[in-house]
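Colleague: Sequence:
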Amino acid sequence: MQRFLKTFSQKAGLPPGSLVHVGDAHPGDVKIRGFRYTETEFEEFAVPDNEALLRLKDKEGIIWLQVDGMHQPEKISAIGEAFSLHALTQEDILNTGQRPKMEEFDDYLFLVGKILSFDEALTVVLEKHFCLVLLPQMIISFHEVGSNIFAALENRLQKSNGKIRKKSADYLAYALFDAIVDNYFLVLEKVGAQIEELEEEILTEPCRESLEWLHFLKRELTILRKSVWPLRDVINSMVRSDSDLVREDTVKYFMDIYDHTMQVIETVEAFRDVTASLYDMYLSAISNRMNEVMKVLTVIATIFIPLTFIVGIYGMNFHYMPELAWKWGYFVTMAIMAILGLGMAFYFKKKDWF
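For the sequence shown, my numbering assigns the number 431 to the last residue and increments by one with no breaks.
Hints in this document: simulated from the structure, not taken from any laboratory. Careful, some of the hints might be misleading.
[Claimed, not checked] Label-pair distances were calculated between CB atoms; the ranges are: (1) 363 with 426: 24 to 30 Å; (2) 282 with 310: 40 to 46 Å; (3) 110 with 238: 32 to 38 Å.
[Claimed, not checked] Here are the simulated lysine-lysine pairs, DSS-like style, with alpha carbons at most 30 Å apart: (4) 205 with 295; (5) 295 with 108; (6) 427 with 240; (7) 427 with 404; (8) 372 with 329; (9) 295 with 243; (10) 267 with 244; (11) 404 with 372; (12) 134 with 152; (13) 205 with 329; (14) 134 with 240; (15) 178 with 404; (16) 303 with 108; (17) 303 with 236; (18) 427 with 244; (19) 236 with 108; (20) 243 with 267; (21) 134 with 108; (22) 295 with 329; (23) 236 with 136; (24) 243 with 372; (25) 134 with 244; (26) 329 with 108; (27) 108 with 136; (28) 267 with 205; (29) 372 with 178; (30) 372 with 303; (31) 152 with 205.
Even for Gly, the Cβ is constructed at its ideal location relative to N, Cα and C.
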């Protein structure tokens, strides 16, 4: 349950805008680094202190400020003070359980999303908080933990590949969310492979572990659904936004992300339907196995009915039974029982009853 609902006990009773970190504690300090670029220039720099934050306002070009870590409220507060971010925005940044959303303020747009990854060792979907502040000439991205899903984007900026260095800050916002959604497809591929493997196991050799694995996959799909569905509204809000920060020529790119998001949602729903059918398939396979066992037991019991009848007759305590004194009585009785048993077994096998 901890993966679905963050611990909010620290915020209970506090007024709106209180800067309290909600989520897992991470070792180390919050790290801030930046990228400044124009069509002809590119610069990567560190932001060691609050004064360096204030000096960023005087730099020319587009600035991408990347904040790795959200577990130190004082660092988030310093960034908020330097760029006049609303207290509620800072509160949402610190709350790693915040639902994806988009909010418009006077001087900036605030977007919340989730970065998903698939842990190969634990075979689980990991969800990490992501926030983005879009200013006229600046993007501030907040990452719950460091991630390499933006490495290709950083490389494009450095090498000036494509049109990204010629565009405004809203295009960089598009590129960041495009990388997030593209990563969803990678996670879905991993989950899809797990579902296919489980389906094959249920068809060939279903067991208790299959059911446990099925419940586990359903839980992972719930995490995916919880992250992806609200993102559709976030992207749709960017498409419909009247803010001057979103240029008309960038809207078409956000519409492309919207299409990709819908594709992810449809895939997640398809996977949920498959897992539901796998549950029915598992129950059917277990029921069929039980029926096969009962069929074999029934055949064995049926074969022994006449044999038990014969034994019961000659087990009666009568003094005068002709066959009891017969020299070959035992052998004939055993032969009759063997013929009956083998004959019935052959008949049942011919009928394909076992």
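Colleague: If a hint holds in the structure, say so; if it does not, say that too.
Modeller: Each hint tested on the structure:
Take residue 363 and residue 426: their Cβ atoms lie about 25 Å apart, and the range 24 to 30 Å holds. Checking the proposed 40 to 46 Å range against residue 282 and residue 310 shows it holds: the Cβ atoms sit about 43 Å from each other. A hinted range of 32 to 38 Å is violated for the C-beta pair residue 110 and residue 238, which are about 21 Å apart. Restraint check for residue 205 and residue 295: satisfied, since their Cα atoms lie roughly 19 Å apart, inside the 30 Å limit.
Distance check on the hinted pair: residue 295 and residue 108 sit about 35 Å apart at the alpha-carbon level, beyond 30 Å; violated. At roughly 75 Å between alpha-carbon atoms, residue 427 and residue 240 are farther apart than 30 Å, so this suggested pair is violated. Proximity of residue 427 to residue 404 is assessed by CA-CA distance (about 36 Å); at most 30 Å being required, the pair is judged violated. At most 30 Å may separate the alpha-carbon atoms for a hinted pair to count; residue 372 and residue 329 exceed this at roughly 64 Å.
Distance restraint check for residue 295 and residue 243: the Cα-Cα separation of roughly 44 Å exceeds the 30 Å cut-off, and the hinted pair is therefore not satisfied. Taking the CA atoms of residue 267 and residue 244, the gap is about 34 Å. The hint is violated against a cut of 30 Å. Pair hint residue 404 plus residue 372 does not hold up; C-alpha atoms about 39 Å apart against a cutoff of 30 Å. Taken as a hint, the residue 134 and residue 152 pair is honoured in the structure, with Cα atoms around 18 Å apart against an allowance of 30 Å.
In summary, the hint linking residue 205 to residue 329 is supported, as the alpha carbons are separated by about 27 Å, within the 30 Å threshold. Under the criterion of a C-alpha separation no larger than 30 Å, the hint pairing residue 134 with residue 240 is consistent with the structure, at around 24 Å. A hinted pair counts as satisfied when its Cα atoms are at most 30 Å apart, and residue 178 with residue 404 does not qualify at roughly 96 Å. Between the alpha carbons of residue 303 and residue 108 the distance comes to roughly 28 Å, so the proposed pair stays at or under 30 Å and holds.
At roughly 36 Å between alpha-carbon atoms, residue 303 and residue 236 are farther apart than 30 Å, so this suggested pair is violated. Distance check on the hinted pair: residue 427 and residue 244 sit about 78 Å apart at the alpha-carbon level, beyond 30 Å; violated. This hinted pair checks out: residue 236 and residue 108 have alpha carbons roughly 24 Å apart, not beyond 30 Å. Our distance criterion of 30 Å between C-alpha atoms is broken by residue 243 and residue 267, whose separation comes to about 35 Å.
Between residue 134 and residue 108, the direct Cα distance comes to roughly 19 Å. Compliance with the 30 Å bound is thereby established for this hinted pair. Restraint check: the Cα-Cα separation between residue 295 and residue 329 comes to about 34 Å, which exceeds 30 Å; the hinted pair is violated. Our distance criterion of 30 Å between C-alpha atoms is met by residue 236 and residue 136, whose separation comes to about 20 Å. Only pairs whose Cα atoms come within 30 Å are accepted, and residue 243 paired with residue 372 is rejected, the gap being roughly 74 Å.
Proposed proximity of residue 134 and residue 244 is supported: the alpha carbons are some 19 Å apart, at most 30 Å. Simply put, residue 329 and residue 108 have alpha-carbon atoms about 33 Å apart, too far for the 30 Å limit, and the pair is violated. A C-alpha spacing of about 20 Å is found between residue 108 and residue 136, which places the hinted pair at or below 30 Å, so the restraint holds. Distance check on the hinted pair: residue 267 and residue 205 sit about 18 Å apart at the alpha-carbon level, within 30 Å; holds.
Simply put, residue 372 and residue 178 have alpha-carbon atoms about 58 Å apart, too far for the 30 Å limit, and the pair is violated. Proposed proximity of residue 372 and residue 303 is contradicted: the alpha carbons are some 46 Å apart, above 30 Å. Simply put, residue 152 and residue 205 have alpha-carbon atoms about 19 Å apart, close enough for the 30 Å limit, and the pair holds.
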